[in-house]
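Asks: Hey, can you work out the whole structure from these sequences and the hints?
Protein chains: 2
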Amino acid sequence: MPCVNQERVDRVRRLMPDGDRLEETAGIFKVLGDVTRMKLLCALLEEELCVCDLAEFVEASPSAVSHQLRLLRAARLVRPRREGKMIYYRLDDDHVRRLLKEGLVHAAED
Amino acid sequence: MPCVNQERVDRVRRLMPDGDRLEETAGIFKVLGDVTRMKLLCALLEEELCVCDLAEFVEASPSAVSHQLRLLRAARLVRPRREGKMIYYRLDDDHVRRLLKEGLVHAAED
DNA sequence: TTTATATATGAATAATTGCTCAGATGATAA
DNA sequence: TTATCATCTGAGCAATTATTCATATATAAA
Chain R
10 MPCVNQERVD RVRRLMPDGD RLEETAGIFK VLGDVTRMKL LCALLEEELC VCDLAEFVEA
70 SPSAVSHQLR LLRAARLVRP RREGKMIYYR LDDDHVRRLL KEGLVHAAED
Chain V
10 MPCVNQERVD RVRRLMPDGD RLEETAGIFK VLGDVTRMKL LCALLEEELC VCDLAEFVEA
70 SPSAVSHQLR LLRAARLVRP RREGKMIYYR LDDDHVRRLL KEGLVHAAED
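Listed in order, the protein sequences are those of chains R and V.
Residue 99 in the working numbering sits at position 90 of the first sequence, and the numbers go up by one each step.
Residue 49 in the working numbering sits at position 40 of the second sequence, and the numbers go up by one each step.
Hints in this document: simulated from the structure, not taken from any laboratory.
Please note: incorrect hints may appear among the correct ones.
The list that follows gives simulated cross-link-like pairs (lysine-lysine, DSS-like), each with its CA atoms no further than 27 angstroms apart [what the hints assert, rightly or not]:
#1 V:110 / V:39
#2 R:110 / V:39
#3 R:110 / V:94
#4 V:110 / R:39
#5 R:39 / V:39
Replies: See below:
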């Protein structure tokens, strides 16, 4: 590829975040990149909810929601709290809140 | 599902962003949720680059990169500028920058 | 005009993802 | 204990996505 400006490429390479961090970041965005999961998170933006509330809310089976919640937990976007038979979920921290709101704002810019 | 707290569900429903906005937001996050595309965007965080620079940078074929850029364009995350035979890409606006940085910061919180 | 270079696009394939279903776990109540 | 409810998990299937390859477009140079 003769058109490559190697100097530019090298410069950018030096300023790059490391691979693990990129993987992790892309992973978080990937988890956010699904309408059902976005709905779940937006619901939790308002208040703590149990799995069956969430299932009712997004009109999906508890099983489907549980699978989604597993991904959200793995990405540390939500945190569970058991209370008797039920498990209540909430957003993991304020940073998740900021990330969600940034996304929603960007979408509004049309 | 007898455990559903309908009152909570209804309250959350009323506060929800509308469907289109959720779709759009999830779509943006989905595009961000891929390591190759994240690399492309992080590179453009630093400076404007042409397709073949980007291809060299992520070690992928120009064709593969072009396909990814199409998605990034569609999501309004990058903007092309033709200069002769080459097309230079840059981040679309400062909001994209903020979104990327939020994501990277969240990933760093471990 | 013909030729070469940079990028874009369409179709096909391979890999990934989300859902359903069946069954497991954990907690409460009878 | 047994029964029941809420949730989780693994396997399998359907839908989606990323890549490759071949081809098309657009610009520039010969």
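Asks: All the hints need checking, so say for each whether the structure fits it.
Replies: Each hint tested on the structure:
| no. | hint | verdict |
| --- | --- | --- |
| 1 | V:110 / V:39 | holds (16 angstroms) |
| 2 | R:110 / V:39 | holds (16 angstroms) |
| 3 | R:110 / V:94 | violated (39 angstroms) |
| 4 | V:110 / R:39 | holds (16 angstroms) |
| 5 | R:39 / V:39 | holds (5 angstroms) |
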